[in-house]
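Student: Assemble chain B onto chain A, guided by the hints.
There are 2 protein chains.
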Amino acid sequence: MIAEKMIPFVQNNSAIRTMFEEGNRLKKQYGADKVYDFSLGNPSVPAPDCVREAIVDLANNEDPVILHGYMNNAGFEDVRETIAQSLNRRFGTDFSAKNLIMTVGAASGLNVILKTVLNPGEEVIVFAPYFLEYGAYVKNYDGKLVEISPDTETFQPDLEELERKITANTRAVIVNSPHNPTGVIYSEDTIKALAAILEKKQKEYGSVIYLISDEPYRELAYDGAEVPYLTKYYKNTVVGYSYSKSLSLPGERIGYLVIPDDLEDSETVIAAAGIANRILGSVNAPSLMQKVIARCVDAEVDVAAYDKNRLALYNGLTACGFQCIKPQGAFYLFVKSPVADEKEFCEAGKKYNILMVPGSSFACPGYVRLAYCVSYETIINSLPEFKKLAAEFSLTEES
Amino acid sequence: MIAEKMIPFVQNNSAIRTMFEEGNRLKKQYGADKVYDFSLGNPSVPAPDCVREAIVDLANNEDPVILHGYMNNAGFEDVRETIAQSLNRRFGTDFSAKNLIMTVGAASGLNVILKTVLNPGEEVIVFAPYFLEYGAYVKNYDGKLVEISPDTETFQPDLEELERKITANTRAVIVNSPHNPTGVIYSEDTIKALAAILEKKQKEYGSVIYLISDEPYRELAYDGAEVPYLTKYYKNTVVGYSYSKSLSLPGERIGYLVIPDDLEDSETVIAAAGIANRILGSVNAPSLMQKVIARCVDAEVDVAAYDKNRLALYNGLTACGFQCIKPQGAFYLFVKSPVADEKEFCEAGKKYNILMVPGSSFACPGYVRLAYCVSYETIINSLPEFKKLAAEFSLTEES
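Chains as they are written, first to last, in full-length UniProt numbering: chain A, 1 to 399; chain B, 1 to 399.
To spell it out: a stretch of chain B is covered by chain A in this simulated footprint if at least three of its residues, at any positions, have a beta carbon under 8 Å from a beta carbon of chain A; those stretches are:
1) 1-9
2) 112-124
3) 133-141
The set of hints was computed from the structure by calculation and includes no laboratory data. Using N, Cα and C, we set each Cβ at its ideal position, and we do this for glycine too.
In isolation and in its complexed conformation, chain A is listed as follows (with noise of 0.2 Å):
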């Protein structure tokens, strides 16, 4: 009774509810402060006071017809000029409103652009491993997902297999940074030379490659280490931004997309993404959230309380046995898995309450994912937990 292409998503989503379902039986077993659930993306962070501040003022002051009201479908033109203003001022770019498209979180961004550029059977690479959604996204148009093995000595992506698997028929590669779910942020060294590739393959084909830069976690950075704006080293650059993790508002489904006047076309690809927004849907971003964002335009993530948690998950497995790369960005850890079968690991880890998502739900099986965007209190805890499991696994202590 449903579409043949949903019925692969329903599947697949039965195992997904399992998991959260025996999450949730686990809890009730346990108490929830007993169950070290590791498994899900949602930034425990509140939104910053201002956030709060400015939905009552915009609430008790605003004309509700205008607060509530239908606007463009691109957004309030004052909002998108002010984030264009405030991009400009921290990156160097030089954006207005014009080249803002408020929209309904990241997803909806990416699915906006994916409409608006991908013909039927044109392919979009991605690098593993990645947000697996992409593959739904990207089949939405009828798009074919090309995926660049992991290189999982840096997670960085491996940018001969990209040279090699770009063809005439590549319509976008899809990179985030810093990067759901290794933590890792893409060098400025990477980016040049992903630019490079990017350009020559333009030239050699003629065609337009476009990157389509998904970066919810550009705020989440560690140890000052610098997220590059990537409009700056590639004309035909389009960044999806979210404030779901910036601002810890993954409920409101408020985000942007960035489309440069450098951009080839661009006028055409504006007022083609800004139809794509309507007509998917979403019509436009939530109004009030938009006047929200304008006000707490520069406001900043508690960016010290996930890195408190990031050292001492890290530390903390490190020393038990486990083997994974050390995150300069995002709330996430990649953990080897000590066994091949990474989802053999993961059950064993639930006799310790501890969840964790499996490696293979991001196409790098053989290692697992931990969002460390929980209490401190639930990291410190699961340490002893994690002990017992490495020595299950015959790991051996960091001496």
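Tutor: Below, chain B alone, put in the same frame as chain A:
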């Protein structure tokens, strides 16, 4: 540089933009209060007070991590249960939380259900005149839109033509009552006859035909008119609702789908729709607004204000000699153009600073749509101008 499917949309969109820009030009030239802009369906009645109160109270008193956080993709369970109970009280239905999926407005809800059930090449039937965007939604999933000709006497659906046009390939029928752009309400007899045809055709073809009820105007009914709740008449009904008009929140993008237990293979359709909501990029309906809706579930729109507008405009126009059906709901008047080419009539209207939308934008040329969700003053001040416009077309005043 854009997808081929997007090209016709971009071309068509510039026509809409031209109209919009011309409206702005007139307002700049003559002053906004001297331009009679009947082109937009943006509610003029502000959101009821309970919306503001709920926003402020929730922002001040709820845990922001929950208030702005992720929830089940279908929406907060308590919100869905509250709405289900409200529907049950009002319409004698028997829904619970699981039958509701909160969506980013009705437009997103329609996309979600079409993605859920529609295979490429399958047919979706609509009754002209209709909201032209339905065509875009159906094309998003490579479906085929099938139009039923307008019955310009009553603007009720032509059920004979419907019966002839249903094929083995018909997957869904979209209805919209109270109706944009005519304001008619489909009577219970009409709905019963429609349901009987669908039942018969389902048997004939051994198929499932979904009746999709797009009902953002449900609450806007005048003179005590009843709007039948369609799930009670036909099992395979899916309801798409929006708070855009009933609570004057069009910019907030908040609505829901109802998928009843009676619907064929209901559980699978519900599961698939939840996934479609996620992978189309909405992920979930905006979280704060979900909670606001639950608090305002029994709030009522100020229908009296629209009713006053309706009578003033309807009586004023018919007195000048214009012909139109008296709307029973929504906030539109669908007026017969005094010349066959209604675009010529719209152009003539601009000389009197009257902005109207040509009926060809609703697949019904020869008519124009006037949205009377404007101030009462605008309507009163426009009437002398309509009189001049009528004179230009030699219409005879009612004696």
